[in-house]
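> Each chain, letter by letter, is given below.
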Amino acid sequence: MILALLIVPALAGLAAFALPGAALRRGLLLVTALAHAALTAACWKWTPAPALGGWLKLDAAGLLFLSIISVLFLAAAFYAMGYLVQEANKHTTDIEEGFLFDNAPETVFIGCLLLFLAAMSLVTVSQHFGLLWVAIEATTLTSAPLIYFHKHHRSLEATWKYLLICSVGIALALLANFFLGIAATQPGVDAYPLVLSELVAHARDLQVPWLKAACLLFFVGYGTKMGLAPLHTWLPDAHSEAPSVVSALLSGAVLNCAFLGLLRAQQVCVAAGLGNFGRDVWIALGLTSLVIGAVFILGQTDYKRLLAYSSVENMGIMAVGVGLGSAGAFGALFHAVNHSLAKAMLFLLSGNILARYRTKTIAQVKGLLGAAPATGLLWVAGFLAITGTPPFGTFTSKLLILKAAFDTGQPWGMWVGVVFLGLLAVIFIGMTTAFLGMAQGEPEKPIGPGRDRVWQIAPPVVLGLLVLWLGLAVPESLDNVLREIARTLGGAT
Amino acid sequence: MQGTNIILVLVVLTNLKLLGSSRVGSSIRVVAAQGVVLGLLPILAHAHEISWRYAGLAVGTVALKGIVFPWFLFRAVREAEVAREIEPFVGYVASLLAGVSILAVSFWMCTRLPMPEAIASAWLAPVAIFSIFAGLFLIVSRKRAVSQVLGFLVLENGVYTFGVGVAPQASLLVEAGVLLDVFVAVFVMGITIFHINREFDHIDTDRLSSLKD
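From first to last, the protein sequence lines stand for chains Z and C. Position 274 of the first sequence, counted from 1, bears residue number 274 in my numbering, the numbering being contiguous throughout. Position 96 of the second sequence, counted from 1, bears residue number 96 in my numbering, the numbering being contiguous throughout.
Worth flagging that the hints you see were computed from the coordinates, not collected in a lab. All figures in this text were calculated on a predicted structure; none of them were measured in a lab. Please note that a few of the clues may not be correct.
[Claimed, not checked] Listed next, the in silico SDA-like pairs over lysine to any residue satisfying Cα-Cα at most 20 Å (straight line):
(1) C:Lys143 x C:Ser51
(2) Z:Lys151 x C:His195
(3) Z:Lys151 x C:Phe194
(4) C:Lys212 x Z:His153
(5) C:Lys212 x Z:Leu298
(6) C:Lys143 x Z:Ala425
(7) Z:Lys366 x Z:Asp302
(8) Z:Lys57 x Z:Ala201
(9) Z:Lys212 x C:Pro114
(10) C:Lys212 x Z:Ala201
(11) Z:Lys151 x C:Ser26
(12) Z:Lys57 x Z:Ala363
(13) Z:Lys212 x C:Met115
(14) C:Lys212 x Z:Gly299
(15) C:Lys212 x Z:Val291
(16) C:Lys212 x Z:Thr288
(17) C:Lys17 x C:Pro114
(18) C:Lys212 x Z:Ile292
[Claimed, not checked] Under 10 Å between C-beta atoms, here's a sample of chain C residues computed to sit facing chain Z:
(19) Gly20
(20) Ser22
(21) Glu87
(22) Pro114
(23) Pro116
(24) Ile129
(25) Ile139
(26) Ser141
(27) Gly151
(28) Gly158
(29) Tyr160
(30) Val174
(31) Val182
(32) Val188
(33) Ile193
(34) Ser210
Cβ coordinates follow ideal geometry from the N, Cα and C atoms, glycine included.
Assemble the whole structure, with the sequences as input and the hints as a guide.
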């Protein structure tokens with residue numbers, strides 16, 4: 001079953017390059033997304049058997065992230081069906097500078113999208129650190145052509161930054177793997193293989209200086225990919241220039257893949273009794289990300305960049321959560337689910353707004369509720385969801401992290417909680433100004449004709465309802481999975 | 001032992017040459033030479049246990065880093081009609097001086113970490129770390145996109161040196177995966193360079209500056 005999760009999208013991706021006919025390729029995209037979702041759902045019911053001698057195994061953390069990826073990809077595939085028809089004409093006028101540009105061939109777009117799904121699935125099932133590295137680098141490489149779908153100079157700049165910054169970061173993560181390998185060597189006996197369960201079982205025997213060095217390099221390497229400030233510089237550019245459907249996947253799925261990579265390293269650290277060492281780094285990077293998010297959200301003029309900085313902020317929230325031990329980690333993982341759903345919803349909606357208003361400037365978008373009622377209503381709902389307003393799931397997850405900070409009962413925990421809350425308040429103000437200004441008022445200039453279509457509305461509605469549902473009731477199976485992961489990140493809850 | 005040390009000296013020399021080099025073409029050749037030399041490392045560093053795994057790794061490395069990458073980069077550069085000058089932010093002499101200081105720091109750093117006993121040469125770790133820092137330095141101090149790719153390759157060579165020499169327990173599957181990833185990375189970067197040129201009529205990354213806050 002695990003192999004099917006990888007092979008189905010990979011083969012479909014390769015087939016997409018060969019298939020003639022646009023309709024056939026789009027059909028393949030949707031069918032593969034459905035098949036992947038069905039397989040993932042089956043994994044919740046029956047635990048799949050490990051493959052490749054234990055290198056591929058779906059544990060609780062893998063299952064959680066695989067499910068996020070699968071749901072998001074299904075929503076994105078459905079949205080892409082309509083989006084690709086709309087974008088099928090040859091030349092497009094650039095909305096900011098008015099020049100003509102072409103889109104990349106749809107074959108490449110769909111092929112890379114499917115290979116990208118295969119790479120992300122491999123991230124979630126990899127138990128071997130080397131394989132995990134290969135998979136995370138593969139997500140970078142398969143998604144770079146997706147960012148360059150609109151062939152013009154800004155998207156090219158974004159693609160180059162994304163490729164170079166993430167590749168360098170990930171090369172350092174490879175060095176971290178080798179450090180981990182040395183940490184696992186013992187004088188006189190065979191070294192332990194770099195499989196998570198083996199390392200966790202023998203964590204006390206690992207050489208501490210090398211393990212610490214490896215962890216720091218993992219933070220630099222995977223932290224770059226996850227978008228933790230100050231390593232986030234590629235993120236706003238890539239998210240704002242990519243097509244909205246790709247932005248949704250980048251923000252909701254790729255960042256989580258890197259987060260999973262860091263969680264694996266943290267699991268080894270905790271088992272080796274180095275939980276406190278990692279804790280400081282997590283909290284420092286997390287709070288920095290929150291500060292950077294707050295600074296750039298206030299006064300942001302471009303709504304896609306606003307969403308991108310909100311991703312930096314939310315990655316910061318998760319990092320703080322993991323740093324606070326197992327109760328905080330529970331909140332952080334729950335927040336990863338909520339954030340992915342809410343952010344993908346908002347990015348898809350931003351695509352709708354872009355199609356109607358033909359501008360990315362916040363100040364030029366007015367009267368969304370009147371001009372496109374469905375998109376407008378969802379935009380406001382998405383705003384409430386991402387800022388953590390009750391009854392959405394994000395509220396619960398942020399509250400859990402905040403509670404974990406105050407429950408530490410120590411002065412530093414209090415300070416983390418206070419700073420965390422203060423920054424969230426600042427970000428809330430910044431987001432409110434931007435979102436409500438866009439929703440209300442009258443359109444200043446005549447906007448494009450047309451109305452909201454089903455493919456533009458249905459995926460965000462479903463994602464939004466999921467966040468709402470998680471805020472009202474957490475299913476027991478999800479709760480168990482979250483508990484199971486949190487247990488490996490620092491004691492019992 | 002002897003062979004390994006010769007290779008490591010060659011790696012240091014090629015890095016220094018790269019820091020002081022002003023031509024794109026010769027830089028690509030130097031990186032290619034470094035790739036070929038490093039391809040011999042798995043065989044020489046583990047001379048006592050010749051195996052198919054190390055032989056395969058050597059052949060794969062030489063083929064990719066010595067032949068495919070240079071060919072591909074030359075192609076990207078020729079089609080992009082790059083002016084041959086490298087255009088550094090930091091001058092060549094300053095770059096060389098920085099390189100020598102990095103070398104000294106790398107050797108000092110490695111005296112601070114407990115090295116495993118079964119290591120082929122005491123120079124392996126310092127040279128690997130020197131390559132990594134030299135690669136990072138090249139990426140941030142050079143304007144041309146192709147020079148930045150060369151910097152990335154040097155960095156990757158450093159990581160590879162460390163992996164082959166110091167932590168030789170990764171398995172064939174992982175090594176093949178790493179090689180494949182590097183191959184695709186250079187491939188995608190090469191294509192991007194080509195597009196950057198067509199779009200801007202140059203491949204200076206310092207003019208990629210319209211996206212900022």
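> Are the hints correct? Go through all of them and say.
Each hint tested on the structure:
Taking the CA atoms of Lys143 (chain C) and Ser51 (chain C), the gap is near 42 Å; set against the 20 Å cutoff, the hint is violated. Only pairs whose Cα atoms come within 20 Å are accepted, and Lys151 (chain Z) paired with His195 (chain C) is accepted, the gap being roughly 9 Å. Under the criterion of a C-alpha separation no larger than 20 Å, the hint pairing Lys151 (chain Z) with Phe194 (chain C) is consistent with the structure, at around 13 Å. Distance check on the hinted pair: Lys212 (chain C) and His153 (chain Z) sit about 14 Å apart at the alpha-carbon level, within 20 Å; holds.
Proposed proximity of Lys212 (chain C) and Leu298 (chain Z) is supported: the alpha carbons are some 15 Å apart, at most 20 Å. Restraint check for Lys143 (chain C) and Ala425 (chain Z): not satisfied, since their Cα atoms lie roughly 41 Å apart, outside the 20 Å limit. In summary, the hint linking Lys366 (chain Z) to Asp302 (chain Z) is supported, as the alpha carbons are separated by about 13 Å, within the 20 Å threshold. Between Lys57 (chain Z) and Ala201 (chain Z) the CA atoms are separated by roughly 16 Å; this keeps the pair inside 20 Å, and the hint holds.
Straight-line distance between C-alpha atoms of Lys212 (chain Z) and Pro114 (chain C) comes to about 13 Å, which keeps the hinted pair within the 20 Å bound. For the suggested pair Lys212 (chain C) and Ala201 (chain Z), the alpha carbons sit about 46 Å apart, so the restraint of at most 20 Å is broken. The hinted pair formed by Lys151 (chain Z) and Ser26 (chain C) fails the criterion: a straight-line CA distance of about 32 Å is larger than 20 Å. Of the supplied pair hints, the one linking Lys57 (chain Z) and Ala363 (chain Z) is violated, its CA atoms being roughly 49 Å apart against a limit of 20 Å.
Simply put, Lys212 (chain Z) and Met115 (chain C) have alpha-carbon atoms about 15 Å apart, close enough for the 20 Å limit, and the pair holds. Proposed proximity of Lys212 (chain C) and Gly299 (chain Z) is supported: the alpha carbons are some 14 Å apart, at most 20 Å. Restraint check: the Cα-Cα separation between Lys212 (chain C) and Val291 (chain Z) comes to about 18 Å, which is no more than 20 Å; the hinted pair holds. Between Lys212 (chain C) and Thr288 (chain Z) the alpha-carbon distance is near 19 Å, which keeps this suggested pair within the 20 Å criterion.
This hinted pair does not check out: Lys17 (chain C) and Pro114 (chain C) have alpha carbons roughly 31 Å apart, beyond 20 Å. Of the pairs offered as hints, the one joining Lys212 (chain C) and Ile292 (chain Z) holds, with about 14 Å between alpha carbons and a cut-off of 20 Å not exceeded. A cut of 10 Å between beta carbons decides the hint on Gly20 (chain C): the least distance to chain Z is about 22 Å, and the hint is violated. With 10 Å as the threshold, the beta carbon of Ser22 (chain C) stays out of range of chain Z, its nearest partner Cβ sitting at about 22 Å, so the hint is violated.
Interface restraint check: Glu87 (chain C) against chain Z, minimum CB-CB distance 17 Å, threshold 10 Å, status violated. With its C-beta approaching chain Z no nearer than about 6 Å, Pro114 (chain C) sits inside the 10 Å limit, and its interface hint holds. For Pro116 (chain C), the interface hint holds, since its Cβ comes within 10 Å of a Cβ in chain Z; the closest pair sits about 5 Å apart. A hinted interface residue such as Ile129 (chain C) counts as satisfied when its beta carbon comes closer than 10 Å to some beta carbon of chain Z; here the least separation is about 9 Å, so the hint holds.
Among the interface hints, the one on Ile139 (chain C) holds; its C-beta lies about 7 Å from the nearest C-beta in chain Z, closer than the 10 Å criterion. A cut of 10 Å between beta carbons decides the hint on Ser141 (chain C): the least distance to chain Z is about 14 Å, and the hint is violated. Checking Gly151 (chain C) against chain Z: minimum C-beta separation of about 9 Å stays under 10 Å; hint holds. With a cut of 10 Å, the hint placing Gly158 (chain C) at the interface with chain Z holds, because the nearest CB-to-CB distance is about 8 Å.
Against a cut-off of 10 Å between C-beta atoms, the interface hint on Tyr160 (chain C) holds, since the closest Cβ of chain Z lies about 9 Å away. Contact between Val174 (chain C) and chain Z, as hinted, is supported at the beta carbon level, the nearest pair being about 3 Å apart and thus within 10 Å. Hint on Val182 (chain C) holds. Least Cβ distance to chain Z is approximately 9 Å, under the 10 Å limit. Below 10 Å, beta-carbon pairs count as interface contacts, and Val188 (chain C) has one with chain Z at about 5 Å; its hint therefore holds.
Of the supplied interface hints, the one on Ile193 (chain C) holds, with its beta-carbon coming within about 9 Å of a beta-carbon of chain Z, less than 10 Å. A cut of 10 Å between beta carbons decides the hint on Ser210 (chain C): the least distance to chain Z is about 6 Å, and the hint holds.
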